[in-house]
Each structure stands twice: as C-alpha cells, then as structure tokens.
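As they're listed, the protein sequences go chains A and B.
Going by the numbering used here, the residue at position 4 of the first sequence is 82; the numbering climbs one at a time, nothing skipped.
Going by the numbering used here, the residue at position 51 of the second sequence is 70; the numbering climbs one at a time, nothing skipped.
By construction, these hints were calculated from the structure, which means they are not laboratory data.
Just so we're clear, the structure is a prediction, and the values are computed from it rather than from any experiment.
Certain hints may be false.
[Claimed, not checked] As a list, the in silico SDA-like pairs of lysine to any residue whose alpha-carbon atoms are at most 20 angstroms apart:
id : chain 1 : residue 1 : chain 2 : residue 2
1  : B       : 41        : B       : 20
2  : B       : 42        : A       : 242
3  : B       : 41        : B       : 73
4  : A       : 187       : B       : 37
5  : B       : 26        : A       : 246
6  : B       : 55        : A       : 186
7  : B       : 42        : A       : 182
8  : B       : 55        : A       : 174
9  : A       : 113       : B       : 42
10 : B       : 41        : A       : 177
11 : A       : 242       : B       : 55
12 : B       : 41        : A       : 249
13 : A       : 106       : B       : 42
14 : B       : 41        : A       : 185
15 : B       : 42        : A       : 119
16 : A       : 113       : B       : 73
17 : B       : 41        : A       : 182
18 : A       : 187       : A       : 96
19 : A       : 242       : B       : 37
20 : B       : 55        : A       : 208
21 : B       : 41        : A       : 186
22 : A       : 247       : B       : 73
23 : B       : 21        : A       : 246
24 : B       : 55        : A       : 187
25 : B       : 55        : A       : 227
26 : A       : 109       : B       : 41
27 : A       : 113       : B       : 37
28 : B       : 41        : A       : 201
29 : A       : 187       : B       : 41
The chain contents come next:
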Amino acid sequence: MDFRTLGLGTGIVVGILLCIVIFKFFNKDKKVKTKYDEMQERQRGRAYMFSFWTLVGLETVMCLLQLAEVKFFMDPFTSNITCIIIAALVHACYSVEHDAYIGLNTNSKRFMVVCIAIGIVNAVCGIIPIAAGGLVKDGVLQAPFANLLVAIVFIIIGVQIYIKNRTEKEEED
Amino acid sequence: MKNLRMKSARAALDLSQDDLAKKCEVSRQTISAIEKGDYNPTINLCISICKALDKTLDDLFWEEA
C-alpha cells in the first residue's frame with residue numbers, strides 16, 4: 079500500500095467519524111439518524127429526484143465534452159466532484175425551500191453553526207492553495223476549487239435556512 | 020383548500036401550531052401546510068391530529084355539504 083492510498087483511506091475514516099460526531103452534535107436526541115415527518119419525507123423524495131437528474135445531466139455533458147475531446151477548464155477529478163456538489167446543492171436548496179432539510183430532532187441553530195464552520199474550513203482549504211498559486215495549473219482548475227465550491231454551498235445553505243426561519247417567524251400562526 | 024375547521028379547533032384548545040406539531044410528532048411547517056391546504060396528510064396523521072384536538076375525522080377532514 080503506497081503513501082497516497084494510506085492517506086486517502088485515513089481521510090475517509092476520519093471523515094466518517096467526523097460526520098458521526100457532527101450529527102450527534104446538531105441532533106437534539108444525540109442520535110446520528112435524523113428524523114423526518116411524512117411531508118418532509120415526501121419533499122425529500124422530490125429533492126432527491128431533482129438532484130439525481132441534475133447529476134445525470136451534468137455528467138452527460140462531461141462525457142460528451144470528453145468524447146468531443148474539448149479542452150475543459152477543470153481537471154477530471156475537479157469536474158466530477160463539481161457535478162456531485164452541484165447535485166447536492168439542488169437537493170439541499172429544494173429541501174430547505176420545502177421545509178424538509180431540518181429534521182424533527184435537529185437543532186436548527188446548531189445546524190447553522192455547523193454549516194458556517196464547514197464553510198470556513200473549506201474556504202481556508204481553498205484559499206491557501208490560491209495564495210500558493212496552486213489553484214490553476216496549465217489553465218486548468220485543480221482540486222482546491224472543490225473546497226471553495228463546498229464553502230460556497232454551505233454558505234448558501236446557511237443563508238437560505240436563516241432567511242427561511244426569519245420569514246416563517248413573521249407568518250407563524 | 021384551507022382547513023379552517025382544524026385551525027379553529029386548535030385555537031379553541033389554545034394550542035399553537037408548534038404545540039400541535041409536538042403532540043402529533045410532526046414539524047410545525049407540516050401543520051401549517053395542512054391548515055393552508057398545501058398538503059394532504061395521510062390517514063395516520065389525520066387520526067393523530069383528531070386525537071390531539073379531541074375531534075372526529077368527520078369534524079376536521081370531511082368535506083362540508
């Protein structure tokens with residue numbers, strides 16, 4: 079096993095453990111599984127559908143570009159991860175808009191804190207390579223762009239949840 | 020179609036949407052959507068709401084003649 083594979087494996091394990099800790103932090107009952115009611119389940123199903131077709135559409139475009147041998151402005155890893163991030167954003171935005179993103183056992187304030195924290199960590203991970211000049215190589219965007227994109231996604235989700243909570247408080251009852 | 024009967028039954032018991040949501044183990048937004056007529060609940064949720072508001076299914080969910 080080479081050093082790169084070991085690093086990748088360690089990263090995945092640490093990522094999974096971190097997810098468990100984060101879920102336990104923002105769920106009121108300290109459980110990893112988030113609970114949703116029937117309306118939320120239904121809306122989340124629609125969100126997954128839109129997210130799935132977004133991913134299919136974007137990956138189809140990527141495949142066609144590769145077939146046509148068009149020089150793309152992202153390396154293959156970055157372009158694929160970008161497609162996944164955009165699809166996840168579609169799911170999140172649709173769910174938030176239809177009140178299905180925050181679960182029954184989720185503390186929404188803690189969730190927003192987590193969103194901001196993840197946004198900042200990813201922004202830092204993206205900004206450091208920019209400062210070192212590692213974002214663009216031979217006119218092609220490299221992997222740190224994905225960190226910037228994740229930061230933007232979490233900021234969008236956090237802001238959307240905040241706006242949604244504000245408008246709901248105004249129209250409550 | 021707005022469910023005004025459910026809203027008035029809830030108000031009669033001096034319950035907020037959040038209180039009713041907690042009793043029925045759903046989100047406040049789901050109760051709000053049912054009252055606004057934006058969401059048709061399953062029969063299980065209808066029964067749960069009726070029990071929480073001490074009403075029958077006819078009282079809250081059957082179409083008025």
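*Which earlier hints turn out false for this structure, listed by number in ascending order?*
Failing hints, ascending: 1, 2, 6, 16, 20, 22, 24, 25, 28.
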